[in-house]
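2 protein chains.
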Amino acid sequence: MKIINGRQIAKHIKSDIKTKIKNFKDITGKTPGLATILVGSNVASKIYIQSKIKACQEVGIQSFHNNISTQSSQDAIIRLINDLNSNTLINGILLQLPLPDKTFTQNCINAINPVKDVDGLHPVNYGKLSLLKSWNDIIKENVLIPCTPLGIMHLLQYSNIQLSGKTVLIIGRSNLVGKPLAILMLSQNATVITAHSKTYNLDKLTKIADVIIVAVGIPNFLNKNYNIKDNTVIIDVGINRTVDGLCGDVDFNYIQNKNVRITPVPGGVGPMTITMLLSNTLKAFINQNKINL
Amino acid sequence: MKIINGRQIAKHIKSDIKTKIKNFKDITGKTPGLATILVGSNVASKIYIQSKIKACQEVGIQSFHNNISTQSSQDAIIRLINDLNSNTLINGILLQLPLPDKTFTQNCINAINPVKDVDGLHPVNYGKLSLLKSWNDIIKENVLIPCTPLGIMHLLQYSNIQLSGKTVLIIGRSNLVGKPLAILMLSQNATVITAHSKTYNLDKLTKIADVIIVAVGIPNFLNKNYNIKDNTVIIDVGINRTVDGLCGDVDFNYIQNKNVRITPVPGGVGPMTITMLLSNTLKAFINQNKINL
Numbered sequence: 001m002k003i004i005n006g007r008q009i010a011k012h013i014k015s016d017i018k019t020k021i022k023n024f025k026d027i028t029g030k031t032p033g034l035a036t037i038l039v040g041s042n043v044a045s046k047i048y049i050q051s052k053i054k055a056c057q058e059v060g061i062q063s064f065h066n067n068i069s070t071q072s073s074q075d076a077i078i079r080l081i082n083d084l085n086s087n088t089l090i091n092g093i094l095l096q097l098p099l100p101d102k103t104f105t106q107n108c109i110n111a112i113n114p115v116k117d118v119d120g121l122h123p124v125n126y127g128k129l130s131l132l133k134s135w136n137d138i139i140k141e142n143v144l145i146p147c148t149p150l151g152i153m154h155l156l157q158y159s160n161i162q163l164s165g166k167t168v169l170i171i172g173r174s175n176l177v178g179k180p181l182a183i184l185m186l187s188q189n190a191t192v193i194t195a196h197s198k199t200y201n202l203d204k205l206t207k208i209a210d211v212i213i214v215a216v217g218i219p220n221f222l223n224k225n226y227n228i229k230d231n232t233v234i235i236d237v238g239i240n241r242t243v244d245g246l247c248g249d250v251d252f253n254y255i256q257n258k259n260v261r262i263t264p265v266p267g268g269v270g271p272m273t274i275t276m277l278l279s280n281t282l283k284a285f286i287n288q289n290k291i292n293l
Numbered sequence: 001m002k003i004i005n006g007r008q009i010a011k012h013i014k015s016d017i018k019t020k021i022k023n024f025k026d027i028t029g030k031t032p033g034l035a036t037i038l039v040g041s042n043v044a045s046k047i048y049i050q051s052k053i054k055a056c057q058e059v060g061i062q063s064f065h066n067n068i069s070t071q072s073s074q075d076a077i078i079r080l081i082n083d084l085n086s087n088t089l090i091n092g093i094l095l096q097l098p099l100p101d102k103t104f105t106q107n108c109i110n111a112i113n114p115v116k117d118v119d120g121l122h123p124v125n126y127g128k129l130s131l132l133k134s135w136n137d138i139i140k141e142n143v144l145i146p147c148t149p150l151g152i153m154h155l156l157q158y159s160n161i162q163l164s165g166k167t168v169l170i171i172g173r174s175n176l177v178g179k180p181l182a183i184l185m186l187s188q189n190a191t192v193i194t195a196h197s198k199t200y201n202l203d204k205l206t207k208i209a210d211v212i213i214v215a216v217g218i219p220n221f222l223n224k225n226y227n228i229k230d231n232t233v234i235i236d237v238g239i240n241r242t243v244d245g246l247c248g249d250v251d252f253n254y255i256q257n258k259n260v261r262i263t264p265v266p267g268g269v270g271p272m273t274i275t276m277l278l279s280n281t282l283k284a285f286i287n288q289n290k291i292n293l
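Chains as they are written, first to last, in this note's numbering: chain A, 1 to 293; chain B, 1 to 293.
Watch out, some of these pointers could steer you wrong.
[Unchecked claim] Calculated pairs, BS3-like style, for lysine-lysine (alpha carbon to alpha carbon, straight line, at most 27 angstroms):
#1 K22(B) x K204(A)
#2 K207(A) x K140(B)
#3 K30(B) x K207(A)
#4 K22(B) x K54(B)
#5 K290(B) x K140(B)
#6 K22(A) x K11(A)
#7 K30(B) x K204(A)
#8 K204(A) x K11(A)
#9 K18(B) x K207(A)
#10 K229(A) x K18(B)
#11 K18(B) x K30(B)
The set of hints was computed from the structure by calculation and includes no laboratory data.
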């Protein structure tokens with residue numbers, strides 16, 4: 001087993017983002033701004049937000065945190081979003097999910113100005129991404145793309161893992177990970193299999209996959225019940241809090257004697273996700289200021 | 001081999017659409033209107049447009065045809081679209097593809113008011129569809145969905161083919177068919193494999209598929225080189241004009257002694273696609289008139 005070190009790759013990308021932001025500041029006097037919104041006081045969400053704010057500081061993005069009551073109505077959240085939409089210091093708006101009332105989610109996301117939608121979950125951005133055909137077009141059009149799948153693509157690219165013609169098995173079909181990842185993988189000419197809780201023949205699918213992405217949120221989900229080829233690349237998106245600490249969706253005891261490459265938890269996909277938030281904020285800033293790269 | 005008769009299923013759905021339109025007319029005095037736009041004089045496109053106009057007549061949709069010069073600029077096409085956007089007699093706008101200049105395509109589609117986008121190719125509609133999770137939500141939200149994949153879903157539903165947990169192999173990743181079909185299949189809990197010209201192991205994938213959708217536009221593409229399980233359902237989306245007449249992407253000689261179900265060409269997916277255009281026009285009419293079904 002070989003480890004794909006997400007922390008190290010993220011560090012490289014962050015250093016690049018930091019340099020770009022400094023250069024823009026030197027020329028224009030402007031700095032990208034990211035607004036974060038936390039509704040309520042979920043402990044895990046607070047930790048995520050804190051690490052996002054810290055990452056902003058590291059690269060020179062100004063962050064504006066908004067913590068509002070867990071009882072906030074949908075209207076109250078949307079009012080806050082509208083204020084942030086019209087604030088010119090703010091280039092990106094991140095609404096921390098899940099909301100205490102999940103039925104508010106899509107309406108609140110829809111209220112975010114698509115040019116400030118750094119999570120890439122507004123229908124306009126989601127649709128634009130889905131309609132683009134090649135990776136080159138996606139990069140050229142500067143579309144805002146959900147951070148975790150974008151981070152996975154960069155992780156693979158930095159690790160020199162070619163995707164064209166490869167069979168990529170994505171386990172999980174969420175809007176945040178599985179669905180946009182399928183589109184991104186297709187754009188790099190991978191054959192894409194999307195499996196999920198209703199899939200009955202997952203053991204047959206793992207056997208033919210060149211790359212397996214596990215995003216189900218269940219510790220030890222990918223275990224000895226599933227055969228894996230030699231040289232398979234495994235991307236573990238799970239972040240599960242157990243009594244023994246943080247772990248992913250892959251059973252490391254099963255994997256560790258196999259001839260595969262894998263992202264660890266922590267230190268794999270997580271740092272890449274946060275880094276892509278910084279990258280999207282910079283992208284939004286560039287788009288809004290019509291800066292030519 | 002058993003034939004899935006698309007013509008017959010389309011007839012049932014059209015009869016239902018016709019009744020609904022008559023009822024709405026009796027109550028409101030209004031009729032749905034569909035504008036078709038043909039740029040240039042491509043023969044195949046003319047045939048498609050004619051059959052769409054004829055289908056509109058059959059169910060009581062008023063059609064407004066616009067044929068403009070093959071040299072029309074992007075601005076000229078968009079001006080026409082804007083006129084149709086503001087015409088209250090028109091509920092749906094269909095821009096016949098391909099355009100003589102393909103680089104105009106997405107900009108012209110983006111100019112269509114999303115509520116009149118009966119092809120479901122505007123980023124807003126594409127994004128909305130992609131973000132919805134279950135088939136029930138998709139139906140409830142009245143999203144406009146590309147006609148061919150929507151027709152395939154109805155074809156399977158009318159043929160009592162359950163999709164939950166099934167392995168669906170989609171060959172082809174176009175914006176019109178493969179990509180939205182993957183989303184629709186996921187919404188009905190299928191495991192989805194998207195393959196295409198860069199896929200190297202298609203012979204392994206056909207063997208594990210319960211449903212195979214072929215949308216590549218190559219006669220006899222699915223042939224004896226590919227093993228197919230007993231009871232596989234094959235949906236042939238190809239419409240290829242050869243010296244021997246119209247044919248699909250499946251080699252019928254190979255398939256005809258197998259224990260499978262298949263849609264023929266012509267008479268399979270084609271009639272369903274046109275029927276879904278009628279259904280989308282009715283849906284757009286209902287959405288625009290805020291009629292409660």
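Hints, verified against the model:
A threshold of 27 angstroms between alpha carbons decides the hint, and for K22(B) with K204(A) the separation of about 51 angstroms lies outside it, so the pair is violated. Straight-line distance between C-alpha atoms of K207(A) and K140(B) comes to about 38 angstroms, which puts the hinted pair past the 27 angstroms bound. At roughly 57 angstroms between alpha-carbon atoms, K30(B) and K207(A) are farther apart than 27 angstroms, so this suggested pair is violated. For the given pair, K22(B) sits about 17 angstroms from K54(B) by alpha-carbon distance, which is consistent with the 27 angstroms threshold.
Proposed proximity of K290(B) and K140(B) is supported: the alpha carbons are some 14 angstroms apart, at most 27 angstroms. For the proposed pair K22(A) and K11(A), the alpha carbon gap of about 16 angstroms is at most 27 angstroms, so the pair holds. For the given pair, K30(B) sits about 54 angstroms from K204(A) by alpha-carbon distance, which is inconsistent with the 27 angstroms threshold. As the CA atoms of K204(A) and K11(A) are separated by approximately 37 angstroms, the hinted pair breaks the 27 angstroms bound.
Proposed proximity of K18(B) and K207(A) is contradicted: the alpha carbons are some 50 angstroms apart, above 27 angstroms. Our distance criterion of 27 angstroms between C-alpha atoms is broken by K229(A) and K18(B), whose separation comes to about 55 angstroms. Straight-line distance between C-alpha atoms of K18(B) and K30(B) comes to about 14 angstroms, which keeps the hinted pair within the 27 angstroms bound.
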